[in-house]
Amino acid sequence: VSVRAQAWLLLGAAGVLQSGLAADSSDAPFGIRPTCSEIILRQEFLKDGFHRDLLIKVKFGERIEELQTCRLLIKHYILTGLFVDPCELASLREKNLTEWTLTVMVSESFNIEAPNYLSEESEVLIYARQDAQCIDCFQAFLPVPYCYHRPHRKDGDTLIAVSNPDLLMYCDQEFPILKCWAQSQVPAPCALKSKEISVFKCGRFCL
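The sequence shown maps to residues -22 to -1, 1 to 185 in mature numbering (1 follows the signal peptide of the UniProt record, and there is no 0).
Treat the hints with care, since some could be wrong.
Quick list of in silico lysine-lysine cross-link-like pairs, DSSO-like style, CA-CA up to 30 Å [unchecked claim]:
id, residue 1, residue 2
1, 53, 35
2, 25, 73
3, 25, 35
Hints in this document: simulated from the structure, not taken from any laboratory.
Model the full assembly from the supplied sequences, consistent with the hints where possible.
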């Protein structure tokens, strides 16, 4: 497998359901404002019942028209109580539904039939799409059914946590606004069906 040194940026870990991300300015001289803009990420569950869809929206804090040449990769950690069905993901890819984003399972041998108390965490990579109505926005859909839970004697409510995804970006060229996020490097697939590995630049943020 070849390794290509490309300009991937890990934009940071988003907070549960909704967060604002800002670049760390601890090294900036006193009185000088950091040039990095805020990144806003929102997560929202759609539908009712056991079969839910997770809508993820990412908005950059300032208008960056060059983002049209960039791709956003969301690395999501699915906690116990939820699961992602590889067969459902494959079916969505075959149907080529435009509203669904391309997703690849990272975790192997995941048991989708396991109940909540036996379920395990899993990991997915989601290739987000640009929002046609917002030039500096990306969005992604992910089907995340609930695992079966034991009956409750009191009420029927169960609290399920949503993890903090990592945001990784690749652009065809370097932009000053993106350089300020780079801190370290991690490897990740260049594309959904690509065997090549790109080098992602990781960013450090405060929530």
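Verification of the supplied hints:
Only pairs whose Cα atoms come within 30 Å are accepted, and residue 53 paired with residue 35 is accepted, the gap being roughly 14 Å. Distance restraint check for residue 25 and residue 73: the Cα-Cα separation of roughly 21 Å lies within the 30 Å cut-off, and the hinted pair is therefore satisfied. For the proposed pair residue 25 and residue 35, the alpha carbon gap of about 17 Å is at most 30 Å, so the pair holds.
The structure agrees with every numbered hint stated previously.
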